[in-house]
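Asker: Each protein sequence line maps, in turn, to chains A and B.
In terms of the working numbering, the first sequence opens at residue 940 and continues consecutively.
In terms of the working numbering, the second sequence opens at residue 1351 and continues consecutively.
One should not assume that every hint holds.
To be verified - Here are the simulated distance ranges between beta carbons:
(1) B:Leu1361 - A:Ile955: 52 to 62 Å
(2) A:Pro1403 - B:Ile1452: 37 to 47 Å
(3) B:Arg1421 - A:Ile955: 35 to 45 Å
(4) B:Arg1424 - A:Thr1011: 53 to 63 Å
(5) A:Trp1434 - B:Leu1361: 47 to 57 Å
(6) B:Ser1389 - A:Gly1135: 32 to 42 Å
(7) B:Ser1355 - A:Ile951: 37 to 47 Å
(8) B:Gly1411 - A:Leu1077: 31 to 41 Å
What the hints contain is simulated information worked out from the structure, not anything from laboratory work.
For every residue, glycine included, the Cβ atom is placed at its ideal position computed from N, Cα and C.
What follows is each chain in one-letter form.
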Amino acid sequence: MVQAQIQQKANIAAEIDEPGVRKWWEYFTFNTDHKVIGIQYLVTTFIFYCIGGVMADLVRTELRTPEVDFVTPEVYNSLFTLHATIMIFLWIVPAGAGFANYVLPLMIGAKDMAFPRLNALAFWIIPPAGLMLIASLLVGDAPDAGWTSYPPLSLLTGQVGEGIWIMSILLLGTSSILGAINFLVTLIKMRTPGLGFHQLPLFCWAMFATSALVLISTPVLAAGLILLAFDLFAGTTFFNPTGGGDPVVYQHMFWFYSHPAVYIMILPFFGVISEVIPVHSRKPIFGYKAIAYSSLAISFLGLIVWAHHMFTSGIPGWLRMFFMITTMIIAVPTGIKIFSWLATLWGGKLHLERPALLFAIGFVGTFVIGGISGVMLAAVPFDIHVHDTYFVVAHLHYVLFGGSVLGIYAAFYHWFPKMTGRMLNNFWGQVHFALTIIGLNLTFLPMHKLGMMGMNRRIAQYDPKFAFLNEICTYGAYLLAVSTLPFIINVIWSWMYGPKAGNNPWKALTLEWMTASPPAIENFHKPPILATGPYDYGLENTSEGVPLSDTEPVLSASTNSVLRANPDEPYPAIAAETDER
Amino acid sequence: MKIPSSIWTLLIGILLTLVSLWYGQNHNLLPAEASEEASLVDGLFNTMMTISTGIFLIVEGVLIYSVVRYRRRRDDDKDGPPIHGNVPLEILWTAIPAIIVIGISVYSFDVYNEMGGFNPHAIHQAPVSPQAMKMPGAAFAATLSTTPATAQSSLTQQEQDPATAAVRNADQIPQKQNAPGAGIVSPTIGPTIEKQSKPPALQVNVTGLQYAWIFTYPETGVTTGELHLPVGQQVRINITANDVIHAFWVPEFRLKQDAIPGRQTEISFTPSKEGTYALICAELCGPYHGAMRTQVVVEKPEAFAAWMQQQQVATTQTLDQAIAANPSSPPELTSTEFLAPYSRDMGITPETLHQIHN
Chain A
940 MVQAQIQQKA NIAAEIDEPG VRKWWEYFTF NTDHKVIGIQ YLVTTFIFYC
990 IGGVMADLVR TELRTPEVDF VTPEVYNSLF TLHATIMIFL WIVPAGAGFA
1040 NYVLPLMIGA KDMAFPRLNA LAFWIIPPAG LMLIASLLVG DAPDAGWTSY
1090 PPLSLLTGQV GEGIWIMSIL LLGTSSILGA INFLVTLIKM RTPGLGFHQL
1140 PLFCWAMFAT SALVLISTPV LAAGLILLAF DLFAGTTFFN PTGGGDPVVY
1190 QHMFWFYSHP AVYIMILPFF GVISEVIPVH SRKPIFGYKA IAYSSLAISF
1240 LGLIVWAHHM FTSGIPGWLR MFFMITTMII AVPTGIKIFS WLATLWGGKL
1290 HLERPALLFA IGFVGTFVIG GISGVMLAAV PFDIHVHDTY FVVAHLHYVL
1340 FGGSVLGIYA AFYHWFPKMT GRMLNNFWGQ VHFALTIIGL NLTFLPMHKL
1390 GMMGMNRRIA QYDPKFAFLN EICTYGAYLL AVSTLPFIIN VIWSWMYGPK
1440 AGNNPWKALT LEWMTASPPA IENFHKPPIL ATGPYDYGLE NTSEGVPLSD
1490 TEPVLSASTN SVLRANPDEP YPAIAAETDE R
Chain B
1351 MKIPSSIWTL LIGILLTLVS LWYGQNHNLL PAEASEEASL VDGLFNTMMT
1401 ISTGIFLIVE GVLIYSVVRY RRRRDDDKDG PPIHGNVPLE ILWTAIPAII
1451 VIGISVYSFD VYNEMGGFNP HAIHQAPVSP QAMKMPGAAF AATLSTTPAT
1501 AQSSLTQQEQ DPATAAVRNA DQIPQKQNAP GAGIVSPTIG PTIEKQSKPP
1551 ALQVNVTGLQ YAWIFTYPET GVTTGELHLP VGQQVRINIT ANDVIHAFWV
1601 PEFRLKQDAI PGRQTEISFT PSKEGTYALI CAELCGPYHG AMRTQVVVEK
1651 PEAFAAWMQQ QQVATTQTLD QAIAANPSSP PELTSTEFLA PYSRDMGITP
1701 ETLHQIHN
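All chains should be built: construct the whole structure from the sequences, respecting the hints.
Answerer: See below:
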């Protein structure tokens, strides 16, 4: 009997016999079920992703030729400002929250999040904030000072657009804080009996680290933006040099949040990859504790690297060196994760036909490029040359597209059967993967060279000598737009007509697979049981395993024991250490 | 005979090292080096590129090998081996990246020090003559003075600065030269170590405004729209901005510095190669940010001196005496006759002038 069967057999009691089914209209209400809210998050953010993607393609269309010939420079600036703001605050950050909402309570065997109404409130802040931001285009005064919105420029461009932008970010930040409190309390207080921190799936560890980071850093951004709003509307001069203010102070406050925001955007998907790779390569995760604690290390270090965005802002030399060294050190825990994933794949049985694993492998392969260019950017003398150029644009897209977005897709393919009870089509998933990987490298790889050769970012017109590489980038961006079509069609078609998935199509061990697909309204009939650890694949392959028919539980207290108690008992003893299982 | 896997590993390791070393020197990703600082930065980048190539090839190689070697075979529904970890291996792959990043940090620190990044005080030893401080456009240099100007006088100075007068109006944030408190002058990259004892051969005050650069040479009072520098001589650039944040960037010099209103930032460097390079604003400054660029001309000292002399004729006068603003005041002269003495000083023949006019 493989581990998945043991885990499922132990949890038959936890299944609800006749799970209630949600009506379609319930997804449009202020519902407090974490699964409804999770799907609300994911669908909403995906729609915003498409809007942000259209803006990206408009930007790339303008950049296809060196001249300003597609949109006016003002509109161009609005487009890239909105593109960045939407992709960060309305796609990647809330998509992470969406998956966590859906999966996290199931993973820890809880019936719901700790604060269900707060959870619904956190979601329902997002659509109005997002619509407001996009509506600024209709007002004709869209924010156009870049997503960093540095004063004094942001004080001189349109007042209405800038005000809308500030208000929208404040609302989205609030939503993010509410979500983070909820995840932390749920993780600390709502775990099923016997589920210690060291038995938590790594996605839970990742969300723990992310939520702590959100709670510490987001309020500082809010403070900075409120001061900026005072400068904008009340004529104060916090950041205005005319009245003795200092624009560099805003940069500190902004990046104190916005660098951790990078980790808020990537850590949840590190967690997703740690889930996807073991399940689909049928092998335990390599170095569980190293991965778990490196998430916390990244979370802590992420708080003390912000000024590496300001190496050319005239900060003192010692400060540059301090932030260079902390930034370099972040590469170490990140490297631990990458190598652990490689070691997990090594020697496994890779189900390469499944798009979830393909996207996870794609994640590791492209994220490493973003990680390497990140270390280069940390080196102050080199950063002075490439700061605010397309090298940075390439780096951040390798991290956020090659990292976060591929992670989001891996998560979609992995958990779609659980969320809908139906399987996605593998072939169209593979097509989606191939187009995405080609499109992404076509779009972002040439940008490294563009930046180093002297193309600065946020420009509507550029030196004609860069025309050729820019044209390649633009066609890559079109390919990326096309690549989402197989995914959208696959999801819609499979949701309606796809083959039934069954409770545990991947033979996974984590608790979300120990209930119906889609899960019943209150998730579990009884608290689920851990008959085996979250990643104990392949234990049946060991030679000295104690047979399940053995009636002496004492005998099974060895390394290779797969089960040490009667599955019908509600709370079997669970070994605290992986080695003892 | 089967070749042992340790031999294979060794061979792959050697090949990987050679490929990385070769690509680290032959990546062809950077523009020409036109300053002494540029070669330092490029040395750092080449080293990082070598290490990066190695790491990249290892990661992608392991991925591709795993995909091929460990793909699930048909009808194989068993799980893989239950390997949970390997502590010595994990320590190894924590230690190696840690050593690499510490090594890069030390190297970067050294390069930064060589470039003069830790030389914040030496610049104050550079003599700034009182005359230079009163020159048009030289107001920023005043902040270097040991006796700071009073708020009133600096305000007057600011209003009189003809270099920026045209763009200053009630709607725009005025140029601010003397903010209260410390930290107004942020020296960022000083002279290289061996040149720290010497004052810079040339100082240029640079003002960024939407969407142009204005260069003022305080020694001669010349104000221009493009930067001319003599090759091989150390130059100090004092940067500030009039309205919003801009950034002074010359890719061939590998140097970039934000121009921040209300602050003066400084960089020192030595151009090392003659040529004409693009000077680019690298910080978003408004819709026409992409158009905010001019050129740097690095030329022989003699050519620079000749250029400077031409510019002096054109710009030493105050605005009400400028020839362009007061055309042909004695009505009996034709424009060619009127311009003749000026054009002679500027090295323009009457024929050329005639061609331009007609």
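Asker: Taking 53 to 63 Å as the hint, is the beta-carbon distance of Arg1424 (chain B) and Thr1011 (chain A) inside that range?
Answerer: With Cβ atoms ~58 Å apart, the hint holds.
Asker: Note whether the CB distance of Leu1361 (chain B) and Ile955 (chain A) lies within 52 to 62 Å or breaks it.
Answerer: holds, 58 Å
Asker: I want to verify a distance hint. Is the separation of the beta carbons of Gly1411 (chain B) and Leu1077 (chain A) within 31 to 41 Å?
Answerer: Violated: the Cβ-Cβ distance is about 51 Å, outside 31 to 41 Å.
Asker: Taking the Cβ atom of Ser1355 (chain B) and the Cβ atom of Ile951 (chain A), is their distance within the range 37 to 47 Å?
Answerer: holds, 46 Å
Asker: Could you see if the CB distance from Pro1403 (chain A) to Ile1452 (chain B) stays within 37 to 47 Å?
Answerer: holds, 43 Å
Asker: Between Ser1389 (chain B) and Gly1135 (chain A), does the C-beta distance stay in 32 to 42 Å?
Answerer: violated, 56 Å
Asker: Given a hinted range of 47 to 57 Å, is it respected by the beta-carbon distance of Trp1434 (chain A) and Leu1361 (chain B)?
Answerer: The hinted range 47 to 57 Å holds for Trp1434 (chain A) and Leu1361 (chain B), with Cβ atoms some 51 Å apart.
Asker: Take a look at whether the Cβ-Cβ distance between Arg1421 (chain B) and Ile955 (chain A) falls inside 35 to 45 Å.
Answerer: holds, 37 Å
Violated hints for the displayed structure, listed by number in ascending order: 6, 8.
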